[in-house]
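We have chain A; now place chain B onto it with these hints.
Residue numbers (this note's numbering), protein chains in the order written: chain A, 1 to 269; chain B, 1 to 260.
It is worth saying that the hints were derived from the structure and are not from the lab.
Please read these numbers as outputs of a predicted model, since none were measured by experiment.
Fair warning: there could be bad hints in the mix.
Derived, one-sided and incomplete: chain A residues facing chain B with beta-carbon distance under 7 angstroms [to be verified]:
no.	residue
1	82
2	88
3	96
4	100
5	109
6	110
7	111
8	142
9	146
10	148
11	176
12	177
Cβ coordinates follow ideal geometry from the N, Cα and C atoms, glycine included.
One letter stands for each residue in the lines below.
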Amino acid sequence: MFAHGSAMIEISQVSLAYGEEATGGVLALRDATLDVSEGEFAAIVGPSGCGKSTLLKLVSGLRPPSAGRVSVAGAPVTGPLKIVGMAFQNPILLPWRTTLQNLLLPLEVAPNHRRRFRREKQAYIDKAQALLARVGLSDAGARYPWELSGGMQQRVSLCRALIHEPEILLLDEPFAALDAFTREELWETMQLLWLDRKFTVLLVTHDLTEAAYLADTVHVVSSRPGRIVHSRAIDLPRPRPLDIRFTQEFVDIVHELRAHIGRAREGGK
Amino acid sequence: MSPRARRIVAPWVAGILLFALWEAGCRLFDVPEFILPAPSKSVEALIQYWPGIWKNASHTMYTTVVGFLIAVAFGLALGVAVGTSALLYAALNPILVGFNSIPKVAIVPVLILWFGIGTVPAIITAFLISFFPIVVNVATGIATIEPELKDVLRSLGARKLDILLKIGLPRSMPYFFASLKVAITLAFVGSVISETVASNEGIGYLMLSASSSFRVPLVFAGLLVVAALGIGMYAVAALLERRFTHWATRGMDSGFATGG
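Looking at chain A on its own, in the form it has when it is part of the complex (with noise of 0.2 angstroms):
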């Protein structure tokens, strides 16, 4: 079905409660199974509260699964995992630091960096700027975030998340805060980084139009305990104008998407 490379993420069976198991807590998650290509941008939409955001702490391996099977590149996730970026709707920067320095952060802290980090200091200095630039942030580098609007503090956080060069980025609605304009000038900057290294994505939300825009493939999960109950790929040419939502072809992927989803938030259980 999906023309990419090997599984990246593998996603089966898997359930995670909440709370004490032995009195039955809240089940968020029930046998969902899943798998995204290595270089996939995929997209999981569904009702508020169906656990779309358990599935990324579980790939990201924060939580443990409470039944089933996640495995990341081959290898079953057993804690957190180096290789992932993240991005959530807050774009919980620091405010003691400039933006720049903002970017730097992933690079302190990574393993894999840090030590690099200290010798070419300049080298990743360099880097950040360009991914700024890239953004359309050339000059924000020594601004401070709380001097930057929501959308321009949201591209930060993307470029955050990118930095390191992961090979998976999880996204938690990153644009769902934003006003419709700057969100869909968002849209456009995120398909820009994914087409230029072609890293995994896990994209949650709940706007459709948002899901069918970015992703190759999209994911509606049922309402609590949540589950897959549909996939659909979306095979529209790259790199896709923002005009595309209006397409007959685009806007009929929409409405299947939105039937399904109407059944998914009644027929959960």
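Relative to chain A, chain B alone:
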């Protein structure tokens, strides 16, 4: 007058008004000097006894600052420990609250029993009374790190120490400096209390011996000195706060001209 200039002048006007009211009240109602001396009488005493006041005041400064510095070191360390470990927080919180509820004046006699009259009890009292707000504030700053930020760092392979050094400590600095302003004035209270209960040196001792010989203007001169020292130390703490945590106020107090 510009708003900025007005803000600089306002505290001086308020201070002068307070003293003018006090002076006028004393003269108008003919208040006897041994009950409430007028500010002019207090200042007179201040000048007359200056060498003695200076000697005792610098001793109080010394015990206060030493006690305060110990409180800063101890408060930071305990705050970091309690802020990083939820278990430690649960374990120590009741003890800390209980300890902070004990009036420190009740501990001074015990300290004197252990260390004798003089400098050591004053330092320890200053320390005991001022470390609590530092602990609470530093712990709050560290314990309230956004969980997503922790996730970002953990998924990079960061160690717990990295998270503390890169996020926790810098994040708690505004809380820390805010607590210093409270702690330094409390440290003064501690030192003076201890000197008042039992000492043979310090501004507290001076005021006690002055009041026992009904030299009330001298007592008030001592009070004025303590207040002035407190304001001075507070200003130093506030200056440090502005210097190191300008980001916390989003650069706003560097003048409103840039805001917008």
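Results of checking the hints against the structure:
1. 82: holds (4 angstroms)
2. 88: Since chain B brings a Cβ to about 5 angstroms from residue 88/A, closer than 7 angstroms, the hint holds.
3. 96: Since the shortest Cβ distance to chain B is 5 angstroms, the answer is holds.
4. 100: With a minimum Cβ separation of about 15 angstroms from chain B (threshold 7 angstroms), the hint on residue 100/A is violated.
5. 109: holds (4 angstroms)
6. 110: holds (5 angstroms)
7. 111: holds (5 angstroms)
8. 142: violated (13 angstroms)
9. 146: holds (5 angstroms)
10. 148: violated (12 angstroms)
11. 176: At 13 angstroms from the nearest chain B Cβ, residue 176/A fails the 7 angstroms test, so the hint is violated.
12. 177: violated (13 angstroms)
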